[in-house]
Each structure stands twice: as structure tokens, then as C-alpha cells.
Amino acid sequence: MNPTNPQHELLVRYLDGATSEEESARVVEWLRRDADARAFLRTLSEQAVVVADVERVAISREQALKAVDAPQTPQLETRVRGRVPPWARRVAVAIALVAVSAALVVSVRTRVGSERILITKTTGSSRYLGAKGSVDDTLTSGLAIGVGDTLETRSCDAWIDLTLRDGSTVTMGGNSVLRFLRDDAGRSHFELSQGSLWVTPSAEPLTGRLMIRTPTLLAEMASAQFDLRTSSTESILRVNAGSGRVTQTLDGGSMLVTKGQQTHVSLSRRHGLVVTLQSAPVTHWACDLGRVPEVSLGRWLPSTDTQQARLGAEPLLWPVSEEASVMLYAVSLAAWKSSEHPVLLHDTSRIRFRGRSARAQTVRFGFSVQKVRGVFAGKFEVDVPARALGPIGQTWEVDLPLTDFRPLHPRLAISPEGLELTDIYALTIREDAGLEIHHIELVPEAPMEPRESAPGSGEHNSSPRSTDL
Amino acid sequence: MLLESDILQALMQWRTRISAAAWVVVRDAHAAEDIFQNVVLKALTREVQFANEAALMSWAFIAARREGLDWRRRHHREHLGLDAELLEVLEAEWQAEPARESGARMEALQECLESAPESARRILKLRYYEGWSCEEVAEKMGLGLNAIYKRVSRLHETLRDCVAGKLRTATNLGDPIS
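Residue numbers (the numbering used here), protein chains in the order written: chain A, 1 to 469; chain B, 1 to 178.
These aren't lab readings, by the way, just hints derived from the structure by calculation.
This list has only true hints and no planted wrong ones.
Beta-carbon label-pair distances, calculated as ranges:
1. B:Arg77 / A:Leu267: 46 to 56 Å
2. B:Arg168 / A:Val135: 45 to 55 Å
3. A:Ser266 / B:Leu86: 48 to 58 Å
4. B:Leu86 / A:Ser141: 44 to 54 Å
5. B:Gln95 / A:Thr249: 37 to 47 Å
6. A:Asp34 / B:Arg168: 17 to 27 Å
7. B:Pro98 / A:Gly260: 25 to 35 Å
8. B:Ser119 / A:Glu29: 30 to 40 Å
9. A:Glu441 / B:Ser119: 55 to 65 Å
10. B:Gln49 / A:Ala280: 27 to 37 Å
11. B:Pro98 / A:Arg33: 24 to 34 Å
12. A:Thr138 / B:Glu139: 44 to 54 Å
Computed from a predicted model, the values in this text were never measured in an experiment.
Note that the Cβ used here is the ideal one computed from N, Cα and C, for glycine as well.
Chain A with its partners taken away, still in its complex shape:
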């Protein structure tokens, strides 16, 4: 083993604050007259900041693998000895939040060509549509996609992680369609025609630009951590770190969106592009079906004298394995389409559904969540038997405490406490019960007085009751 350069060792001691006055003066003088000494100091300081970067990524990868349902103040809080400003921790977490594969960056770069993107994680039902017409419903991590290829996540609990050639991570949320486009300027270029995605830039110093099109906007981002949701008529882009330029498809108006800001771009809006501070979350939310022209799943039924908005279940073939599928009849809504604010869930909250069934059938109610300004965090469901809903053909209303919902992904979150509502749904399995939904509401606290339970509702602690028209 070669002996260390004693001057390097002295510099390490100097930077540790452990040299005497005489030694410190010697170090300063050495640095002043010796370019190699300064080169070593520059090298050492670069190594120090890169070590911290690498450790941040490694820790977030560890957290992601453990998939702990922690709020966004994870282990960094305790590992770093209280010397990091809170916002810097947020940046560090943001940089690495979806970084299950971030440590693969270098190997990814060597394996994937300049126009290929690697799938590093896939969960739930998804589909690959190749540029030349091939179809594959068995996506696995390690596959690369090329220009013109399309990925679809086919349920709200499906998601796909992609690692770009610069090491950035793109996470596709549920019910999303993403196409990889050619870009002659060397940017990663996508079209998100529906659904949601989260982008976490590489922690590496050289990070490329990312361009994303939706039906309503074009976003050109540089080293930004952001999330984007879109439908055919509107998009919301929220920037949590870095910045980017957003151009509205409708009139070509363009604005810079920076950290902490968001823009909501709609084809139907008459005013120009507006950038605002990200909205504070709300704990009460009532979905006004009359104001939701697009739904994730369901069909609008003719209004009646007493019910203006009626959303009927539509069939959905649900793949339960590679060989088998089950038919669902479902209504599903995205919370962001009917709320300007993120909808925050607490264990003490309840969800109220009002609707009607034409045939006696157990109804499954559920919702999916994401971490606040983060990625998919799970899905929760509860079954309510037909007898608890009341007489067939009459309007019913159920108040379901969130604690009654069982987690489908307990590895991600065992409780919805502190998470953001993304999708909410009701469905029947195999048989079409003529299910229709009229009203959905998140009520922040449990009622002061217990409601009268409907007959047969003892299978859970919710308070379903029927309501005559």
C-alpha cells in the first residue's frame, strides 16, 4: 500500500478544524503557491459533495425498497444531525423520491442507446404498444422502449418507472397513456395523452432536458421535479423543484413555472395561461358530478326529475393474472378534476357515496392515494353488501369511515392518513347491478352522534343507510 502524501493528510486535518495555528498557516501557504495542492483541494471538495449526493440517493432507494408509509420527512431527519435546512431536505427527498433505480443510472446509460428508455419497475396491469404494431401485456422491468412506442397503465393501481438516459426517473401513474417521441435536439420527448406522471431529475450534474406534450400543453423542463396530470381537455402541472416552461396549446401562450408553483391549463378556459402558487390541501371535498365532464370510468345517464347528475357503471375487463380476467362494472373519478386543491385524507375522515342499484349486489367502494406531491401510495377498498344499501331501486347513501377501508398495498401504506386522494371508485364484480353514483364527498371528521345503521350493516363499522327518492 502506498503511503499517503503527508501534505494531503495535513489538508484533511485542516479541513477537520484540527490543525494548530502554525499548521493552518502552513496549509494556506502551501495552497497559495502550489497548483497541485489546490487541485487536490478541489478534488477533495468535489468528492465530499458527490459522496453526500450518492448517499442521499442510496438512502432514498433503501426507503423505496422498504416502501415504508412515511410522511415526506423520512430517515434523513434523523441521520443528518439537524444541520440541514428543512427545504434542503425536501429537495434531497424530491431528487430521490422515486429513485428505486437511481443507482442503476450508470449501468443503464451503458446498456441503453441514445433513443431507448429503460423500464425499471412495473406494477399492476400495463400494456406495451410498439411503434410497429406489436402488443405486449406482460411488461417487465429491464425492457427498453424506443421512439414511437406507447405504454399504457390499465388500472388506477398500476404504475411504471422509466429511467431516462440521463438518469432521470419518470413514473407513470394509473390509467395513463405515454408515448415516447423522437426529438432531434437530444431531449427526452413524451406525449402524455391521459393520466399522470411524476418526474424526478437525475442527481447527477449533467441532466438533460425533458419535453412532455399533453392535449392542452407543452412542458419543457430542465432538471425539475414535477408531477403532471392530464385528460383530453385539461392538464395540471405542479413543480416541486427546479423549473420549466409551459406553453398552452390553445393560444401558444408561454410561462415559466418554478418550484412551488402550478399551472392548470384547460381547453375550455377563456383566459390565458396562469401560473399560481400550489394550492394548499383541503380535507373536505365534494365531487360535483355536474362539473366533471370527463370521468375516468363510467357513462352519463339521463337526468331525472330529482337527480341531475347520474353516472352509471360501465364494464371493465380486469386482468387478474396473465391468463384470467374478471369483468367489473365500475364508476371511477379523478379527484383533481373536480378540485383545485389536493384532497388530503385523515384516518378520522369518512367518504360519503350516494347512488342507486338496480339489482341486489355487493358494491365495492375504493380509492387510490399518492404521497403528497409524490408517487402512488396505495389503494383502499371496502365491500358493502346489498342489504346494507337498502331497498333495490331506491337511492342509498353510505358514510364509510376511512378506517373501514382495507389497504390493498400495505407495503406502501397501511393507512391513508396524510396521503392525497387521487381516484375514487365504486364497482360491482362480475354482475352488472345497474350501479349508478350521484354524489361523492369526503367529510373530514367522524359524526358527533352515531347514525342509525341500516339493517344488516353490521359487517363493518360504516353507517350505510338507504334514502327514499
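Based on the hints, put chain B in the right spot on chain A.
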């Protein structure tokens, strides 16, 4: 004049160097990252425009140094650090290096770090990520203080040599790491 997107991209390319320059002042990797983020925010929100990338970088290093000195004052660590003249020399040397060359070096450095033995990474993590002093690292590792100084010093030299080796290999193959 540089557009906001150009400014952001250029600063991200120089991120490690600007953060490292800040680290020399504050000797805290998280504070250095914090300072870099503040520099980015200032660059994007300040009214003065940058004629070119060189002007931006010159401003960014000065801004990072001032932020660092301010941080030192706020944390009562005025006694730390080099004088302004020496800091300026270091910054000038950092700026003299082409961005592409620096990028390849940083990439190689990450590779070297990721392939380093666990014990080496632990020492570096304790020292630079968790911010412990060498004395505290020595206690945690059950080693003498002088042994830690030697090991930290040797680790920096090893990483430097590893990076140089990777860059040489890449150059010989005609395929620079990028």
C-alpha cells in the same frame, strides 16, 4: 442573453463545481447543496441578465462564496476557511475547466464511489454525508484519530486515481463517458 432555461441547464452542468466551491467555504455538504439551490433561485429571479455562460458562472461562484460566508457567520464558524484571495484562485481554476470534461469526471467519480468497499464508503458517509468530525468518525469506527486522517486522505487519493484511470480508459476507447 441567456434564457431562463439556458441558465438552469448551465447551472445544473456546473452543479458539482459550484457546490464544491461552497463546500470549501462551509465544509458541510448539505449546506453546500443548500447554497447551490439558493444560487439557482437567485439566478432565475434576479433582474440583471447574463450575456453568456461565462458571465453566469463568474456570478454564480461569487454568489455561492457570499452565501457561504454568510452561512459561516450565522453558524459562528468565521474562524474556518481560506481567505478571499485564495478562494478566488480556486474558483478561477474551477471555471477554467470545460464543462464537458468536468461532467465526465463527476460521472466517473460516482462510478468509483459506488464500487468502493463498504468500509470506505462508510467512512466517507460518516464524514461528509452525516457531517461528523474525524474524531467522531474515529470513535464510531473504533479506530485511532490518526488512522482516520490517514484513511480519509488515502480514500481521496484513491478516488482521484480511480477517476483518472476511468477517464484514461474512456479516452483510449474513444468513447468518453457521457
